[in-house]
Amino acid sequence: MLINTVLMFLRELLPLFLLLATLLVWHRNHWRRFILLFSLPAILMLTLFSSNMLWISEQLDGFGLELLYSLLYTGCFALLCVAAAKRNAAMLLSAFACACLLSINGSNLLLYIWLPTQGNTDPSALLLGMALGVGIGSSIAVLWYYLLTELKQWRMLSYRLLLSLLGVRQLMMASALLIQSDWLPAGPQLWQTEQWLPEQSELGFFLQALLGYEATPVLSQGLIYIAGLGLLLWCSRNLKNNIRSAQ
Amino acid sequence: MKINRIKGIPWQHLALISLALPVQAEQALFELQIKDHLFHPSVLYVPAGEKIKLLVLNQDPSPEEFESFSLNREKVILGNGKATLFIGPLQPGRYHFFGEYNPDSAQGVLIALPEAQWQQRRADNAN
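Chains as they are written, first to last, in this note's numbering: chain X, 973 to 1219; chain B, 16 to 142.
Here chain X stands alone, though its shape is the one from the complex (with noise of 0.2 Å):
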């Protein structure tokens, strides 16, 4: 039970860790009020989520949840790529992305606390798997942030690049979601890194948070990895002149 809810906690919020993490280094002097126009709608979407759950998961042919999930990780990447291209807006558009990501991995989280599974098990289990989780996923993030903002001060296009990634990474999951619900053709396996790099593995778990790793992607998520990252790093090709006049 305790290294499951570790791992449960881990894998829902070392992405959305990752992506506050590298919006902060780029908000950092306003960080109070990008904390605040996050949390605002984060708490909104995750209450109405939650509390529709089975409602939301029988529509659509019982693929309801990966509908939503892929529409907000798809409003995740839309939402950065035009942060990173509109100067006036980029603080609240970042933070509503960064909301989107909670309120999917959020309303996983409540499930799995939550639901009368939990009732026969050791509650003292599930709070210091919970903080152990939290713990571990924050103190990576705070490394990345040191990290970025080192980073952003030396070389802009390496945040640009990691900025790009972590958004792809969205998509890449919402192409996942669709993949299984049938809503898109997945087209032939491109490759096979099972053996070399388990996505179960720590570098694999790490690099499907921060890129979205899969060891056996499709043509289509391939297509769609590249359109993306092409697409946010043009989208944030003015990163720099923005991220100056914020400061």
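Do not rely on the hints blindly, as some may be mistaken.
[What the hints assert, rightly or not] Derived list of chain B stretches under chain X, where covered just means 3 residues or more per stretch with a C-beta under 8 Å from a C-beta of chain X: (1) 97-104; (2) 114-125; (3) 128-142.
If you are wondering where the hints come from, they were derived from the structure by calculation, not from laboratory data. Glycine included, each C-beta is placed from N, C-alpha and C at the ideal position.
For this one, chain X is given, so just place chain B on it according to the hints.
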């Protein structure tokens, strides 16, 4: 620029629309049950090389998440609920899956059989 039009719509647009629409082909249906945090059957045989539809019935009152790294699939199934997901076409081989909320007990493997073996298995089951 080469434009192959159907009723005035450029082919690039048609390609994009076809990507966005759900695929309508009929797929073979396979069923998996979750009871007492265990998958039944824990070994599921499917044909390789064709897309299949997997129906997962959760008979427990608690939710479960069907998860498979090798199949690239994850799906939450609410307590006493059911869920459908599409898989494949798969290469012949073994694909491990598990219940993410109860990974110690809910474990299973999906085995994709080549055409000849699949037909043989169907014939054996029919007899």
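Consistency of the hints with the structure:
1. 97-104: Satisfied; 6 residues make the cut.
2. 114-125: holds (count 5)
3. 128-142: violated (count 0)
Hint violations for this structure: number 3 only, all remaining hints satisfied.
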